[in-house]
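Protein chains: 4
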Amino acid sequence: MNTFGRIFRLTDFGETHGPCMGGVIDGCPSGLLLDMDFIRHELDRRALPGDGRRESDKVRFVSGLYEGRTTGAPVAFFIDNEDGKPNAAADGVLKPSHSSFVYKEKYGHTCNEQGGRSSARQTVCRVVGGAVAKLLLRERNITVAAETLFTARIETEGDTAGALVECVISGLPAGLGEPVYDKFDARLAAAMLSLPACKGFEIGEGFHAAEMCGTQYNDLQNSDFSFRTNHDGGVQAGITNGEEVRFRVAFKPIPSVRVAQQTVDYFGNPVTYTASNRNDACAAPRVLPVVEAMAAMTTIDFILLNTNKLKIEN
Amino acid sequence: MNTFGRIFRLTDFGETHGPCMGGVIDGCPSGLLLDMDFIRHELDRRALPGDGRRESDKVRFVSGLYEGRTTGAPVAFFIDNEDGKPNAAADGVLKPSHSSFVYKEKYGHTCNEQGGRSSARQTVCRVVGGAVAKLLLRERNITVAAETLFTARIETEGDTAGALVECVISGLPAGLGEPVYDKFDARLAAAMLSLPACKGFEIGEGFHAAEMCGTQYNDLQNSDFSFRTNHDGGVQAGITNGEEVRFRVAFKPIPSVRVAQQTVDYFGNPVTYTASNRNDACAAPRVLPVVEAMAAMTTIDFILLNTNKLKIEN
Amino acid sequence: MNTFGRIFRLTDFGETHGPCMGGVIDGCPSGLLLDMDFIRHELDRRALPGDGRRESDKVRFVSGLYEGRTTGAPVAFFIDNEDGKPNAAADGVLKPSHSSFVYKEKYGHTCNEQGGRSSARQTVCRVVGGAVAKLLLRERNITVAAETLFTARIETEGDTAGALVECVISGLPAGLGEPVYDKFDARLAAAMLSLPACKGFEIGEGFHAAEMCGTQYNDLQNSDFSFRTNHDGGVQAGITNGEEVRFRVAFKPIPSVRVAQQTVDYFGNPVTYTASNRNDACAAPRVLPVVEAMAAMTTIDFILLNTNKLKIEN
Amino acid sequence: MNTFGRIFRLTDFGETHGPCMGGVIDGCPSGLLLDMDFIRHELDRRALPGDGRRESDKVRFVSGLYEGRTTGAPVAFFIDNEDGKPNAAADGVLKPSHSSFVYKEKYGHTCNEQGGRSSARQTVCRVVGGAVAKLLLRERNITVAAETLFTARIETEGDTAGALVECVISGLPAGLGEPVYDKFDARLAAAMLSLPACKGFEIGEGFHAAEMCGTQYNDLQNSDFSFRTNHDGGVQAGITNGEEVRFRVAFKPIPSVRVAQQTVDYFGNPVTYTASNRNDACAAPRVLPVVEAMAAMTTIDFILLNTNKLKIEN
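Going down the list, the protein sequences come from chains H, F, B and V. Following the working numbering, the residues of the first sequence are numbered contiguously, the last one being 308. Following the working numbering, the residues of the second sequence are numbered contiguously, the last one being 308. Following the working numbering, the residues of the third sequence are numbered contiguously, the last one being 308. Following the working numbering, the residues of the fourth sequence are numbered contiguously, the last one being 308.
If you're looking for bench data, these hints aren't it; they were derived computationally from the structure. There could be a bad hint or two in this list.
[As the list claims (entries may be wrong)] Here are the simulated DMTMM-like cross-link-like pairs (lysine to aspartate or glutamate), alpha carbons at most 25 angstroms apart as the crow flies:
1. B:Lys89 to V:Glu133
2. V:Lys89 to B:Glu205
3. B:Lys98 to V:Glu149
4. B:Lys89 to F:Glu238
5. F:Lys98 to B:Glu107
6. H:Lys52 to H:Asp274
7. B:Lys52 to B:Glu76
8. B:Lys98 to F:Glu107
9. V:Lys98 to B:Glu205
10. B:Lys98 to V:Glu238
11. F:Lys89 to B:Glu61
12. F:Lys89 to F:Glu107
13. H:Lys98 to F:Glu205
14. V:Lys89 to V:Glu133
15. H:Lys98 to F:Glu238
16. V:Lys89 to B:Glu238
17. F:Lys89 to H:Asp274
18. F:Lys98 to B:Glu133
19. V:Lys98 to H:Asp274
20. V:Lys98 to B:Asp218
21. F:Lys52 to F:Asp29
22. H:Lys89 to F:Glu205
23. B:Lys98 to V:Glu151
24. H:Lys98 to F:Glu107
25. F:Lys98 to H:Glu61
26. V:Lys98 to B:Glu237
27. H:Lys98 to F:Asp176
28. F:Lys98 to H:Asp274
29. V:Lys89 to V:Asp176
30. V:Lys89 to B:Glu133
31. B:Lys89 to V:Asp259
32. H:Lys98 to V:Glu133
33. V:Lys98 to B:Asp153
34. B:Lys89 to V:Glu149
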């Protein structure tokens, strides 16, 4: 349940207020040069631009490498938490629209002290996994790039904002994905909805497609099999068609507002809660490399599954 | 790849123009009374209201039952195709925004003659699996209900329309779903995007959440742990919180328009294609029981996985 | 749980005294010519030589084929049971060393009337899946062949006998299997122990290896990388080394003896039970094509997983 | 591929001559008190009795715990390698009956310098996972105990010996395991064959069953449903019957003999190789806690999968 992927698989661990985060990347082919500058760069993109806590994440790899290249063995890594001490303040409070209540129901505790696994901190592991995936995609000339389309407008001091992000995967071969349950875009949707605060996924025209007619929508093909339009966003019947895969992801506002809100504690007693910690006001732009990471891992997993090569030539 | 689910699993088969559709439901607990009237009713909901082909689907169960109850063995079923002869007309044409081109790239053929696995016909198997899932949910007082919010307005004779569908799961316990990769809503998104013509999924406020601020959005709790609002759509941090799970699904217009469109054939030669077959003009309303079926199977699978019971009481 | 394999997957269904057996083969590459004579021949090997019931199994394929070749869609098949009426005789008796008691504990019934899923009848589905796997292996010049090494000597009229079977997979490339948990021989062992009445698996020297010293045992290599001996049975550190994979499988005597034995019924009342049905006295030789089928499906699954190609050439 | 289990899952990493070994235990229920003395004791059993290298393994847990109890989050642990420097001696040699050749074929290198993942060192991670599994089993009064039945007799100085090990799981409920492919003993066989140097698995009478007749073999039941004999070793039709699960595992001699043997190098040139490192002469007795660990993880996984509770009471 803390594993993502089928062939290229990231299993990760760690709590925000524990000693470290980390993960194990399994299924990475042998012989890949791990470009540490690139991995560092990806981590910086996630750490840098926020108005909240600056995380100078240093990643340390402890297995699966020999002379800088992957060996085929699992690649394990760690990132120390700079602020690893338990979070005393919030003890017992069910923080609004946060994981506290559902953790209590599921596990018998709120995880407030440790920060649990549902915080944005966990995404640092996804970025490392995604960076390795991107290096594998780079060898195939496939790129993944996300940008922020807009963020909500904040009127109150201490409030937080939702955000809309778009991501494009370019250079994909046709034939990735399965026609029924393991559609390329079904896996992609699951990858995005697995992100903290994500509330929606759409591909190509997405929700706008619901308002369109077939004569407007259909993507017609040229004699070289290229498409004149890309309303489908690069995926038809769950299978990539060689066009850009273009999708959008909606993020709700970060629930930790520095404004007093009424909630209850573990026993149902009313309490007033004001978030005091140094969270970002918005998932974007720090979430961009995380969105790309999930897209990259989803893509390389389909490539390594290799089911688009299951053809017998007669 | 033609299997859906982890514990409660549907594996299905069959092509639109083959002799039959069918499936195997594995992981269904023993002792469930299979209410055939209910299954018949669900199939009728899918078959009836379309303006296209009327499918009088008779389902036949051939294993996993004894005296009307499930035995714990796999439950296999078949539904004959009334129109099982190969589809001669469309041979070699890459039908616009259809599976023809991606099948050609992936499998080396277009599947036009058989209708392949990407047509709406395949969803009949999902409805049977979903009906069994609903019977298991009924014992737990959990219901699933979808409705059409709108369909696109058609101006041209022979054109087709997109549709927006909303679905609500009621009566869910808190604690279903995993906090990181196997979030309840991540699995739900994958289930919906696995549907033919689906281009988007959103839960709770969904894409609207991107425009909201935290002070408006946060769902505050009462002393009995109920929620005053449900912007999150019943899922927080990937785990159900006991409120209604409410989500929306966008469907693009059916690609088979009865209007001439320019496309190419298998060899890249330009051809004009006009769909002549009796397809529906819109996924809705026939897709409603299919949306519910996927939601029901996703839900019972999480319940049977039982990971919300992995608590040691001290 | 009624599915075998990861990429090449057989999901099967049916009870001995139900209307039919059948299965769905998923993950078979498109373009394979299904040689029906060969499949017929494999089924005959399983049906023919027993002294028990002669099963003239006619297999019918209903999906996944076009003009005799696989399309990439799931291949579903059925085999009618000639003797599909419920087995009235054994009602309520916990048959000795049979599945009755464990079914009662697990499912709440004994399955006696239907014959359940644990009888040898279920293996007919494995043979069909294995035959398709062998056709895929044949294209790669890989063969699988099992033989009976011995059967126990029966002294009593109506008694049954255990058997030892050896199987050889020839023509395998080096590099199949994973070094830790997904060892080639670990998957092979699971495949064999999944057979009814199987009580042991050994590869290469097997249990004899426990009595050997390293200087005798080690397989030394020549300059062309061939091996002078094959004590390891073609698998080292879980990975095929290009030599023949040679393993043995032990089967206990069929529990249905036509000799009176003391047992109890569903309520614990003592009863005397004598099997009256027309079972074989020994798993061998009918089990030979079944052993081969499981070995073939295990092998093609590793090949299609393709993890021995996850090497980046620098 | 470096993950074991379905619900209770161990994913591990690390090479013998790397900085550390470690793993992530996912799916462990929340609230379990991690008895560190017990884990220490299990590691000592693995480290102590060999005549080879003494490994004073100190395990450090870095996530998934709060005040000594599991939280439901993944439990990650590390064990430093005391001798973490690369193994210079064996460079380029294909060590006899070792992983060198198959690694070269699979990954493009021999892994000699790092020691790879196929050495006995990796089993330290299994022992940690197994210790946690045993703590979960202890709450259910289930115990797992292995012993050495014999080891081969060594005549030559520097030679190594095979070994036969027996293991008993006591206190199991009836109903664990699935009747067809996921038999309890099939999973157990795969778990054992995944151990380094394992060449055989048998349960109950095992290979001896091949020489027996049904009248001798059948386990008859008393009125209290207990069994008079246990030839089946506690598993019938793949499902536990409430009796002791008793199985045996065969280990080949450790391939690293301190006696000169002829082999070849990476390029096929003949070389004489004598192992110089401080390996044990025999897998036993250090393998005993490892066998128990795999049995314990297999058992708790079946219990948490909970499929023996999928019964609807009418």
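Tell me the numbers of any earlier hints that the structure contravenes, in ascending order.
1, 3, 4, 5, 8, 9, 13, 14, 17, 19, 23, 24, 25, 28, 29, 30, 31, 33 and 34
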